[in-house]
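S.K.: Turn these sequences into a full structure, and let the hints guide you.
There are 2 protein chains.
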Amino acid sequence: MAIIAIDLGGTKSSAALMSHNGGIYNRQKTEICKKSGPAVSEIIQKQIKKLIQAAKEGGHHVKAIGVSVPGIFNPDKGEVWAPNIPGWTNYPLGKELEKVSTGIPIFIESDRTCYILGEVWQGNAQDCRNAIFLAVGTGIGAGILVDGKVLHGQSNIAGATGWMALNRIYRQEYKKFGCFEYHASGDGLARVARDLVNSAPDYYGLLRRPLPENITSYDVIEAYDAGDNLAITVINQAIEYWGMAAANYISIFNPEVVIFGGGVFGPAQKFIPLIQKEAERWAQPIAFREAHIEASKIGHEAGLYGAGKLALMEIEKGDKE
Amino acid sequence: MAIIAIDLGGTKSSAALMSHNGGIYNRQKTEICKKSGPAVSEIIQKQIKKLIQAAKEGGHHVKAIGVSVPGIFNPDKGEVWAPNIPGWTNYPLGKELEKVSTGIPIFIESDRTCYILGEVWQGNAQDCRNAIFLAVGTGIGAGILVDGKVLHGQSNIAGATGWMALNRIYRQEYKKFGCFEYHASGDGLARVARDLVNSAPDYYGLLRRPLPENITSYDVIEAYDAGDNLAITVINQAIEYWGMAAANYISIFNPEVVIFGGGVFGPAQKFIPLIQKEAERWAQPIAFREAHIEASKIGHEAGLYGAGKLALMEIEKGDKE
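In order, the protein sequences belong to chains G and W. Going letter by letter, the first sequence gives residues 1 to 321 in our numbering. Going letter by letter, the second sequence gives residues 1 to 321 in our numbering.
Derived by calculation from the structure, the hints in this document are not laboratory data. Hints are not guaranteed to be accurate.
One copy or two, either will do: identical chains are not told apart, so a pair holds if it fits within one copy or between any two.
[To be verified] Using 27 angstroms as the maximum straight-line C-alpha spacing, the simulated DSS-like pairs for lysine-lysine come out as follows: (1) K277 <-> K176; (2) K277 <-> K175; (3) K63 <-> K99; (4) K149 <-> K297; (5) K149 <-> K77; (6) K149 <-> K317; (7) K49 <-> K270; (8) K320 <-> K149; (9) K12 <-> K176; (10) K95 <-> K12; (11) K317 <-> K77; (12) K29 <-> K297; (13) K63 <-> K320; (14) K175 <-> K12; (15) K77 <-> K320; (16) K29 <-> K50; (17) K63 <-> K77; (18) K34 <-> K176; (19) K46 <-> K34; (20) K56 <-> K277.
Values in this document were obtained by computation on a predicted structure and should not be read as measured data.
M.R.: Below is the structure:
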């Protein structure tokens with residue numbers, strides 16, 4: 001028995017033919033190169049065709065296809081809303097993929113849901129029934145496991161954690177991104193650094209650039225490592241926000257683990273001990289002692305494994321019925 | 001068919017013999033009067049005996065007993081931890097009540113769990129599958145419904161919302177209560193008012209008392225109604241915190257409703273429109289539009305109806321097995 005797992009990101013689509021225990025028989029990776037609408041769907045369709053062919057050649061019976069999308073999936077309509085893929089406002093991805101799936105059932109979920117499923121299957125949430133994945137990339141979202149099941153909310157937009165209110169004095173800048181995302185996402189780190197540079201004409205450190213709009217979160221972390229004071233201010237503030245958010249998840253959900261992942265963690269993994277220390281100040285003390293705060297150990301593979309786990313779970317569900 | 005519902009609070013125990021749809025056949029209410037340990041258990045035992053007798057006389061067959069406790073219930077050990085009842089650190093309430101229950105099964109849950117169950121059954125969360133009850137009394141706790149089931153966490157302390165981190169600059173005062181509870185619980189309102197009075201020697205308004213430690217949250221709300229500036233400052237700040245907390249629940253859980261209850265709501269019900277306005281600034285916009293923010297309409301009966309619903313749910317579970 002095999003499954004096909006697809007992790008569609010904003011810049012590339014990763015796909016794999018997988019065994020029931022996560023072994024990878026065949027892997028496909030395709031850049032999206034600013035394609036839009038149906039062209040992105042065609043990339044995935046090609047990957048599915050190739051992997052079905054590979055399964056045939058290897059003698060593997062594909063029982064389900066799992067797809068992780070960078071946005072929200074509406075299961076009632078079979079439509080995807082993905083803000084970073086032009087033309088995917090209410091995109092009928094389910095129907096599109098059925099054209100090439102040769103009757104194999106397809107299951108689609110948001111990336112944040114797949115991240116936590118990936119951690120449950122192959123990462124730091126194995127054997128956990130209550131676990132949180134905080135995905136800190138361009139934006140911030142959370143995949144949440146409650147008593148072994150993914151939290152969806154009434155219309156599949158649960159986990160919109162970028163909007164977590166953490167800083168009582170409201171600022172107009174929060175209107176577009178949410179408070180937590182404004183300060184502590186990848187874009188947020190760069191944004192806060194740029195604002196600080198612009199308001200400090202006497203600063204001539206590593207983040208003073210001819211074009212300040214080119215500063216990235218990676219630049220900020222590099223400058224922090226080199227001892228740049230402005231970068232240290234930015235990162236220390238982000239650590240406060242990350243710690244407060246982790247604390248809130250711990251106090252509300254009483255989980256076994258809170259996992260930090262996404263592009264920023266990554267290089268920000270080294271801040272985990274400081275995040276733990278910050279979270280300890282804020283969280284309910286017993287719940288804090290019972291919870292781990294960790295960086296993802298499967299990193300950028302969390303979405304792919306999550307798509308695989310999604311397919312497996314649906315197969316199991318079908319077997320039970 | 002009938003059930004027995006018991007709502008144990010810090011100062012009294014309310015008990016009722018109920019029909020399957022919440023009709024009340026018989027009601028018992030006993031003050032606890034600073035009793036401790038086994039004496040409190042005896043009060044409940046007496047209530048159970050009386051209600052079993054009443055059921056017999058009325059020809060009702062009691063199928064289950066539900067009990068709401070002001071603390072945490074550990075179902076593995078059958079023990080209750082209730083900080084406001086002296087001697088109830090790990091109190092074996094389950095076994096104690098079995099002495100008088102004549103074989104009728106007993107189910108115990110924390111008050112915050114019962115509050116949300118009460119709202120699902122008879123209050124503002126009917127037909128909801130994702131709903132939050134924010135209990136704002138002496139302290140702050142939350143009962144959380146996820147996809148039709150109560151959120152417990154790994155060790156039954158989920159919903160410790162008094163610890164929600166909402167104000168980035170950490171203060172030592174948060175260590176004992178948590179940030180949200182420090183500022184916006186019933187005790188918090190009084191505490192903040194007292195601190196302001198003490199630091200304003202020129203203030204001679206309604207909250208200037210010979211013994212400032214006697215100021216209560218009700219006094220603060222009364223003074224607000226009378227236009228007292230210091231009280232207005234305290235309440236406006238609390239509205240910010242209540243709105244931020246509601247927003248966080250909306251962004252994370254994507255629920256149908258967030259219900260404010262507990263002793264403070266009560267008199268603070270009139271602030272709901274202001275809390276909605278504050279929450280709107282912070283919450284994920286789509287999730288906000290989909291969620292109601294309301295005051296409990298069953299008020300101080302939420303725990304009693306919740307204990308009843310708990311009993312009913314367990315009967316249904318048993319019937320299915």
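S.K.: Does each hint hold? Answer for all of them.
M.R.: Structure-based check of all given hints:
With identical chains, the CA atoms of K277 and K176 are at most 27 angstroms apart between copies only, with a shortest distance of 17 angstroms across copies and 30 angstroms within one. In this homomeric assembly, K277 and K175 come within 27 angstroms of each other (Cα to Cα) only across copies, at 14 angstroms, whereas the closest approach inside a single copy is 29 angstroms. Taking the shortest alpha-carbon separations for K63 and K99, only the intra-copy value of 16 angstroms comes in at or below 27 angstroms, while the best inter-copy value is 54 angstroms. Taking the shortest alpha-carbon separations for K149 and K297, only the intra-copy value of 21 angstroms comes in at or below 27 angstroms, while the best inter-copy value is 31 angstroms.
Taking CA atoms no more than 27 angstroms apart as the test, K149 paired with K77 passes in both settings, with 22 angstroms inside one copy and 25 angstroms between copies. Proximity of K149 and K317 under a CA criterion of 27 angstroms is satisfied in both settings, with 13 angstroms inside one chain copy and 19 angstroms between copies. For the homomeric pair K49 and K270, neither the shortest alpha-carbon distance inside one copy (40 angstroms) nor that between copies (60 angstroms) is at most 27 angstroms. Within a single copy, K320 and K149 get their C-alpha atoms as close as 16 angstroms, and across copies as close as 21 angstroms, so both meet the 27 angstroms cut-off.
Taking identical chains as interchangeable, the C-alpha atoms of K12 and K176 lie at most 27 angstroms apart only when both belong to the same chain, with a minimum of 26 angstroms there against 48 angstroms between chains. In this assembly of identical chains, K95 and K12 lie within 27 angstroms of each other by CA distance solely inside one copy; the values are 21 angstroms within and 59 angstroms between copies. For the homomeric pair K317 and K77, the shortest alpha-carbon distance inside one copy (21 angstroms) is at most 27 angstroms, but the shortest distance between copies (32 angstroms) is not. Only within a single protomer do K29 and K297 lie at most 27 angstroms apart by alpha-carbon distance; the minimum there is 21 angstroms, versus 55 angstroms between protomers.
For the homomeric pair K63 and K320, the shortest alpha-carbon distance inside one copy (15 angstroms) is at most 27 angstroms, but the shortest distance between copies (32 angstroms) is not. For the homomeric pair K175 and K12, neither the shortest alpha-carbon distance inside one copy (29 angstroms) nor that between copies (45 angstroms) is at most 27 angstroms. When the C-alpha separation of K77 and K320 is checked against a cutoff of 27 angstroms, the pair qualifies only within one copy, where the shortest distance is 25 angstroms, while the shortest distance between copies is 32 angstroms. Proximity of K29 and K50 under a CA criterion of 27 angstroms is satisfied intra-copy only: 11 angstroms inside one chain copy versus 71 angstroms between copies.
In the homo-oligomer, the alpha carbons of K63 and K77 lie at most 27 angstroms apart inside one protomer (23 angstroms), although the nearest pairing across protomers, at 43 angstroms, exceeds that limit. For the identical chains of this complex, K34 and K176 are intra-copy neighbours only, at 23 angstroms inside a copy versus 52 angstroms across copies, given an alpha-carbon limit of 27 angstroms. Only within a single protomer do K46 and K34 lie at most 27 angstroms apart by alpha-carbon distance; the minimum there is 17 angstroms, versus 73 angstroms between protomers. For the homomeric pair K56 and K277, neither the shortest alpha-carbon distance inside one copy (52 angstroms) nor that between copies (58 angstroms) is at most 27 angstroms.
Hint compliance for this structure: hints 7, 14, 20 are broken, all remaining hints hold.
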